[in-house]
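Modelling step: build the complete structure from the supplied sequences, incorporating the hints.
Chains as they are written, first to last, in the working numbering: chain A, 1 to 361; chain B, 1 to 361.
Be aware that one or more of the hints could be misleading.
[Stated by the list, open to error] Below are the DSS-like pairs computed for lysine-lysine, each with C-alpha atoms no more than 30 Å apart in a straight line:
no., chain 1, residue 1, chain 2, residue 2
1, B, Lys356, B, Lys92
2, B, Lys113, A, Lys154
3, B, Lys137, A, Lys113
4, B, Lys85, B, Lys282
5, A, Lys113, B, Lys41
6, A, Lys356, B, Lys137
7, B, Lys244, B, Lys338
8, A, Lys41, A, Lys113
9, A, Lys356, B, Lys92
10, B, Lys137, A, Lys92
11, B, Lys137, B, Lys92
12, A, Lys183, A, Lys332
13, B, Lys356, B, Lys282
14, B, Lys356, A, Lys92
15, A, Lys85, B, Lys137
16, A, Lys338, A, Lys137
17, A, Lys332, A, Lys85
18, B, Lys41, A, Lys137
19, A, Lys356, A, Lys31
20, A, Lys244, A, Lys338
21, B, Lys85, A, Lys137
22, B, Lys31, B, Lys137
23, A, Lys137, B, Lys338
24, B, Lys282, B, Lys31
25, B, Lys154, A, Lys113
26, B, Lys338, B, Lys169
27, A, Lys137, B, Lys113
28, A, Lys85, A, Lys356
29, A, Lys137, B, Lys92
30, A, Lys41, B, Lys137
31, A, Lys92, A, Lys356
32, A, Lys282, A, Lys183
33, B, Lys31, B, Lys356
34, A, Lys282, A, Lys41
35, B, Lys137, A, Lys137
36, B, Lys269, B, Lys154
These are calculated hints, taken from the structure and not from any lab test.
Each chain, letter by letter, is given below.
2 protein chains.
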Amino acid sequence: MGKSIAMNGGEGPNSYTHNSKQQRKGSDRAKVLLSNCIQEKLTVENKLNTANQQIFRIADLGCSVGPNTFASVQTIIEATELTFKTQILEYKPPEFQVFFNDHVGNDFNTLFKALPLDRQYMAVGVPGSFHGRLFPKASMNFMHSSFALHWLTKVPEEVTEENSSAWNKGRISYVGSSSEVVKAYTEQFVRDMEGFFRARAVELSSHGLMAILMPCRPEGTLPSESIIMQVFEVLGCALTDMAKEGLVSEALVDSFNLPIFIPTGNEVKEVLSNIEHLTIEKSEEINYPPNLSNLEDVRSCIGHVRAVMEGILCEHFGAELLDQLFERYSNKVEQFSKTSVFTRIEKLENLFLLLKRNPSS
Amino acid sequence: MGKSIAMNGGEGPNSYTHNSKQQRKGSDRAKVLLSNCIQEKLTVENKLNTANQQIFRIADLGCSVGPNTFASVQTIIEATELTFKTQILEYKPPEFQVFFNDHVGNDFNTLFKALPLDRQYMAVGVPGSFHGRLFPKASMNFMHSSFALHWLTKVPEEVTEENSSAWNKGRISYVGSSSEVVKAYTEQFVRDMEGFFRARAVELSSHGLMAILMPCRPEGTLPSESIIMQVFEVLGCALTDMAKEGLVSEALVDSFNLPIFIPTGNEVKEVLSNIEHLTIEKSEEINYPPNLSNLEDVRSCIGHVRAVMEGILCEHFGAELLDQLFERYSNKVEQFSKTSVFTRIEKLENLFLLLKRNPSS
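Below, the structure is given as structure tokens:
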């Protein structure tokens, strides 16, 4: 299962809590879509049409520490209640049990303390990788995952082996790397997504729904043309500079790679076509190009990259390197933004999918 | 719901993890009892007698950070599997989902990292007070609570009010206090236990079981004759000494009280007699007098008191006081043990109860 990846915990200036606006922006745009989809596609089963109060179990997979996860859960609950009201004659709101999932290294203590006091659901934390099984068979009614599925379970091994043809020397992602590196990353992504979807197909109850929001790149583009990956690779440039100046060992930089892959929508759907019982009910691409000529947007983006990356960078390079690394990173991103080094900036995309668990026949 | 109470987290020398041997000792003795009770009383319902794999949901209420909670869960799972094997012809082990519950201030991060890697269950953390609702209606098959129910939701208000007849000046528990103080504590205990049992009666599935292990005092003794409370009250003596020496303000000591009550078995059963749908299937008292003339036992006991009490003491008095306080406490307990200041040391007891959720008629 590889190393545990976790966003920065706590409440400090570099915490994920205070640096997840980009994620929030995406979620806000997806909110209307999510709400409409639930009302359109959620089937209230006959057995619910009774006077007994029912249990409706929701999971947020890759929830991090909030506050975005609480907003998503609220949207799901409100839309579900509306749907129940419409479909059930003697309506009684179900009891909602919400499962917040992330890696075991996630700061669940902070997450739990931040739970909304006025929540109308029972909250539970689930530590573990969503690439494997997390819940009992057919036990979940609705699953959700937002901005988490681009994380791989691990860096593909070939990429870190010095005598492999896919060795990724001098880079931290597949941007600008050989086709062997890109291939290794693509295959890792396919394996991981398969694991994710197979686990969910088991865990979702019959007619259960799953909504996914994840960064993707436009159809017809190469993996290395992803603008998000390009922004991440600037960290690699900063690290290479520091290695040249003798501030960090070259070998340490060579052995570091990001376990991230940004697919196209079709690459995701291709994986799904091999999964029994899951069908695509809705597929949309949400575009919101960040304005990288706006300094505030750029800084928000840099703050976000730090909140997200600090954990794995710290583990590999040690904490003392971080401040200098991010100062250099920040300067480089601002400079690259001004000089249009980044390509296809106009095509930043997010993929929204609504999937349904069909009954086993 | 009052303040959140949590045992010391982490892995340090004063952590609950390394200072819960007394609890473990009690659990070990209760282990055989627990296992036998499950095999004797667990009813495998007809609907389980199918080829489909079933879900069996277990909760440990007041789990703290381990390792005791993992040992208890293991006992419950093994006994449940044995029972299923005996009662079901085409046996297939159920899927176990285990809910680890404690206050929101509990160190869930440490708990999650300590989860046994070879566990045969899916693990979940549930933040919140077990004196209220935590789970959906009729959703739990087995609940367990060990050494947690002597904690009250709060110190009874009268006890902290200067112009109340129950003001508990100069003491931190009801040991040696006026009858008004004892009455206030007793009433708080009854209210809290009622809340606990009523919530469980809703959450347990029909025929679901609950096992409780909690410290109690012998029948016919007064609340203040509890040896556990006497050992805790020595902290009060140490604090009063420090106040006299001007090391801490007297008002601060006066306003501190422990939210703990040690009942007799009959006091617990009296509360239960008012709860619909819960019946007592088994009741036993487990005696294991600690040998307070053995210095190692005394020190283990002192280490445990620190792991348990440090959190609330720190919140009230500040962290800087703690080392000195516990040094004085340690000296006093060792001295009192030698000079037999503690009464009824031979009568330390624990109450074990097995309860069943009977179907609503």
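Hints, one by one, checked against the model:
1. Lys356(B) <-> Lys92(B): Cα-Cα ~24 Å, so holds.
2. Lys113(B) <-> Lys154(A): holds (19 Å)
3. Lys137(B) <-> Lys113(A): Between Lys137(B) and Lys113(A) the Cα gap is close to 24 Å, so the pair holds against 30 Å.
4. Lys85(B) <-> Lys282(B): Given pair Lys85(B), Lys282(B) holds - Cα atoms ~23 Å apart, limit 30 Å.
5. Lys113(A) <-> Lys41(B): violated (38 Å)
6. Lys356(A) <-> Lys137(B): holds (26 Å)
7. Lys244(B) <-> Lys338(B): This hinted pair holds, its Cα atoms lying about 25 Å apart.
8. Lys41(A) <-> Lys113(A): Between Lys41(A) and Lys113(A) the Cα gap is close to 33 Å, so the pair fails against 30 Å, i.e. violated.
9. Lys356(A) <-> Lys92(B): holds (28 Å)
10. Lys137(B) <-> Lys92(A): holds (14 Å)
11. Lys137(B) <-> Lys92(B): holds (26 Å)
12. Lys183(A) <-> Lys332(A): Since the Cα atoms of Lys183(A) and Lys332(A) sit roughly 28 Å apart, the hinted pair holds (cutoff 30 Å).
13. Lys356(B) <-> Lys282(B): holds (9 Å)
14. Lys356(B) <-> Lys92(A): Given pair Lys356(B), Lys92(A) holds - Cα atoms ~28 Å apart, limit 30 Å.
15. Lys85(A) <-> Lys137(B): holds (20 Å)
16. Lys338(A) <-> Lys137(A): Roughly 51 Å between the alpha carbons, so the hint for Lys338(A) and Lys137(A) is violated.
17. Lys332(A) <-> Lys85(A): Measuring from Cα to Cα gives roughly 53 Å; hence the hint is violated.
18. Lys41(B) <-> Lys137(A): holds (26 Å)
19. Lys356(A) <-> Lys31(A): holds (18 Å)
20. Lys244(A) <-> Lys338(A): Holds. Lys244(A) to Lys338(A) sits at ~25 Å (cutoff 30 Å).
21. Lys85(B) <-> Lys137(A): The given pair, whose Cα atoms are some 20 Å apart, holds under the 30 Å limit.
22. Lys31(B) <-> Lys137(B): Holds, at roughly 28 Å.
23. Lys137(A) <-> Lys338(B): violated (58 Å)
24. Lys282(B) <-> Lys31(B): Answer holds: Lys282(B) to Lys31(B) is near 14 Å, not above 30 Å.
25. Lys154(B) <-> Lys113(A): holds (19 Å)
26. Lys338(B) <-> Lys169(B): Measuring from Cα to Cα gives roughly 28 Å; hence the hint holds.
27. Lys137(A) <-> Lys113(B): With a Cα-Cα distance of about 24 Å, the restraint between Lys137(A) and Lys113(B) holds, given a limit of 30 Å.
28. Lys85(A) <-> Lys356(A): It holds: about 21 Å lies between the C-alpha atoms, which stays within 30 Å.
29. Lys137(A) <-> Lys92(B): holds (14 Å)
30. Lys41(A) <-> Lys137(B): Measuring from Cα to Cα gives roughly 26 Å; hence the hint holds.
31. Lys92(A) <-> Lys356(A): Measuring from Cα to Cα gives roughly 24 Å; hence the hint holds.
32. Lys282(A) <-> Lys183(A): holds (29 Å)
33. Lys31(B) <-> Lys356(B): Between Lys31(B) and Lys356(B) the Cα gap is close to 18 Å, so the pair holds against 30 Å.
34. Lys282(A) <-> Lys41(A): holds (9 Å)
35. Lys137(B) <-> Lys137(A): Holds - the C-alpha atoms of Lys137(A) and Lys137(B) are around 20 Å apart, at most 30 Å.
36. Lys269(B) <-> Lys154(B): With Cα atoms ~22 Å apart, Lys269(B) and Lys154(B) stay inside 30 Å; holds.
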